[in-house]
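A.B. asks: Model the full assembly from the supplied sequences, consistent with the hints where possible.
Going down the list, the protein sequences come from chains A and B. The opening position of the first sequence corresponds to residue 1 in our numbering, with each subsequent residue numbered one higher. The opening position of the second sequence corresponds to residue 1 in our numbering, with each subsequent residue numbered one higher.
No lab work stands behind these hints: they were computed from the structure. Heads up, the beta-carbon is just placed ideally off N, CA and C, and yes, glycines get one too. Some hints could be false.
What the hints assert, rightly or not - Straight line, CA to CA, 30 Å or less: simulated DSBU-like cross-link-like pairs of lysine-lysine:
# : chain 1 : residue 1 : chain 2 : residue 2
1 : A       : LYS174    : A       : LYS149
2 : B       : LYS63     : A       : LYS50
3 : B       : LYS63     : A       : LYS5
4 : A       : LYS50     : A       : LYS37
5 : B       : LYS63     : A       : LYS174
Said to hold, decoys possible - Okay, the calculated bits of chain B under chain A, using three or more residues with CB under 8 Å as the criterion:
# : region
6 : 25-35
7 : 40-52
8 : 58-64
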Amino acid sequence: MTITKDQTAKMKARLEEAYGDKVVVDFCMRYGNPSTKSKVDELVAQGCTKILFFPLYPQYAGATSATACDEFFRALQHIKWQPIARTVEPYYEHPLYIEALAQSVERAYAGLENRPDVLVASYHGVPKRYLMEGDPYHCQCQKTSRLLKERLGWADTEIVTTFQSRFGPEEWLKPYTVEEVARLAEQGKKRIAVVAPAFSADCIETLEEINEEIRESFEEAGGEEFTYIPCLNDDDAHIDALSAVVSQNLKGWI
Amino acid sequence: MNMLQQPDQGSAMKPESTLAHAPADHPKVTFGKIGILLANLGTPDHYSYWPMRRYLNEFLSDKRVIDYSPWIWQPLLQLVILTKRPVFLRRGLQVDLERGAGTKAR
Numbered sequence: 001m002t003i004t005k006d007q008t009a010k011m012k013a014r015l016e017e018a019y020g021d022k023v024v025v026d027f028c029m030r031y032g033n034p035s036t037k038s039k040v041d042e043l044v045a046q047g048c049t050k051i052l053f054f055p056l057y058p059q060y061a062g063a064t065s066a067t068a069c070d071e072f073f074r075a076l077q078h079i080k081w082q083p084i085a086r087t088v089e090p091y092y093e094h095p096l097y098i099e100a101l102a103q104s105v106e107r108a109y110a111g112l113e114n115r116p117d118v119l120v121a122s123y124h125g126v127p128k129r130y131l132m133e134g135d136p137y138h139c140q141c142q143k144t145s146r147l148l149k150e151r152l153g154w155a156d157t158e159i160v161t162t163f164q165s166r167f168g169p170e171e172w173l174k175p176y177t178v179e180e181v182a183r184l185a186e187q188g189k190k191r192i193a194v195v196a197p198a199f200s201a202d203c204i205e206t207l208e209e210i211n212e213e214i215r216e217s218f219e220e221a222g223g224e225e226f227t228y229i230p231c232l233n234d235d236d237a238h239i240d241a242l243s244a245v246v247s248q249n250l251k252g253w254i
Numbered sequence: 001m002n003m004l005q006q007p008d009q010g011s012a013m014k015p016e017s018t019l020a021h022a023p024a025d026h027p028k029v030t031f032g033k034i035g036i037l038l039a040n041l042g043t044p045d046h047y048s049y050w051p052m053r054r055y056l057n058e059f060l061s062d063k064r065v066i067d068y069s070p071w072i073w074q075p076l077l078q079l080v081i082l083t084k085r086p087v088f089l090r091r092g093l094q095v096d097l098e099r100g101a102g103t104k105a106r
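C.D. replies: Right, dumping it as C-alpha cells:
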C-alpha cells in the first residue's frame with residue numbers, strides 16, 4: 001500500500017505537470033480499502049465526467065486485470081451521470097516498461113561481484129486450465145521475458161521463465177519457480193538472480209515467497225548465491241513508463 | 001475550427017456553476033475533469049485474524065480468481081480454508097496472520 005501511494009504521488013506530479021488541473025489522479029484497490037467504488041465516487045464528486053481506469057498489471061489475466069475492471073464497471077452502475085469510461089490495455093510490451101525492467105536487472109547485476117548464471121523471471125501463476133480456456137496471460141509473460149532478453153542482448157540460456165504461488169489441487173502454469181530454482185542448482189547453476197516482472201510493486205508474494213521460500217529451495221538444492229531483484233515500485237524509469245502509458249490512453253480526450 | 005479538433009466540453013461553463021435553466025434549488029454541478037484511477041490488488045486493513053479473514057474472503061470468493069461452483073467452493077472456503085490457519089499459510093499471499101505478534105509460521 002505504501003508503494004502504491006508513492007507510485008500514485010509521483011504519477012500525480014508527473015501528470016498534473018503535463019495536463020494541469022484537467023486531470024485528477026488517484027488509486028484504488030480491488031480488495032480491501034480504499035475500495036474501487038469509494039474512489040470512483042470521489043472522482044465523480046470532484047467533477048470527473050471521464051475516467052481512465054488503469055489496472056497496474058503489465059500482463060493481462062482474468063484473475064487480475066479483468067476482475068479489477070469488473071469492479072470498476074460495477075462501481076459505475078449506480079451513478080446518475082455515469083462517467084465515460086476507458087480501461088488501459090496491458091503494457092507488457094511497452095518499450096519503456098521493458099526498459100525499466102532491463103535497467104533494474106542491469107543495476108542489480110552491476111552490484112554483484114559474480115555474474116549470476118541464470119536470470120529467473122518469475123511470474124505469478126494461474127491454473128493451466130485458464131490458459132486452455134482462453135486467458136492470454138501465459139503468452140504475455142513469455143513475450144515479456146523475450147523482450148527483456150532482447151533488450152539485454154542476452155543468449156536464450158541466460159533467462160528462464162517460471163510461475164510461482166501455485167495452490168490447490170490443479171495443475172498450474174509450469175515450470176513452477178520453487179521447483180525450477182532447485183533444478184537449476186542441481187544442474188550446477190550455483191548463482192541465480194530472480195526478477196518478478198508481473199508485479200508492479202513488491203508485496204508478500206515477492207518479499208516473502210521469492211526471497212524466503214524460493215531462496216530456501218535453491219539453497220537446499222545446493223545453490224550458492226541468490227539475488228532477488230526488487231520490483232519496479234516507484235523507480236523513476238517505472239513512473240516514466242506508466243505515465244507514457246497513461247498519456248497514450250488519454251488520446252482523443254485531452 | 002478544424003473538423004478533426006475535439007470540442008472543448010468544459011469551456012462553455014465554469015467547472016462549477018449553477019445551471020441557468022435548472023430549478024433554482026438544483027445543487028451546484030461540477031464537471032469536465034478527467035479522472036485517472038490506478039488500481040492494485042489491495043491489502044488487509046490489519047494482519048490480525050478478522051481483518052485478514054475479511055480480506056481473504058473477498059479475494060478468494062472472487063470467481064475470476066477461483067472459478068469453482070460456489071456450491072462446492074464456498075463451504076470449503078468458509079468452513080475449512082478461512083478457519084484453519086495452516087492451510088492458508090501455505091500460500092504466499094496469506095502468510096503470517098500474526099505478523100503483528102511477531103510469530104512466524106512456516
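A.B. asks: Taking the hints in turn, state whether each one holds.
C.D. replies: Now the hints, each set against the structure:
1. Pair hint LYS174/A plus LYS149/A holds up; C-alpha atoms about 19 Å apart against a cutoff of 30 Å.
2. Our distance criterion of 30 Å between C-alpha atoms is met by LYS63/B and LYS50/A, whose separation comes to about 28 Å.
3. Between LYS63/B and LYS5/A, the direct Cα distance comes to roughly 28 Å. Compliance with the 30 Å bound is thereby established for this hinted pair.
4. Distance restraint check for LYS50/A and LYS37/A: the Cα-Cα separation of roughly 15 Å lies within the 30 Å cut-off, and the hinted pair is therefore satisfied.
5. Between LYS63/B and LYS174/A, the direct Cα distance comes to roughly 22 Å. Compliance with the 30 Å bound is thereby established for this hinted pair.
6. Residues of the region 25-35 of chain B lying with their CB closer than 8 Å to a CB of chain A number 6, which satisfies the three-residue condition for coverage.
7. Using a Cβ-Cβ cut-off of 8 Å, 6 residues of the region 40-52 of chain B lie near chain A, which meets the minimum of three, so the contact claim holds.
8. Counting residues of the region 58-64 of chain B whose C-beta lies closer than 8 Å to any C-beta of chain A gives 4; at least three are required, and the coverage claim holds.
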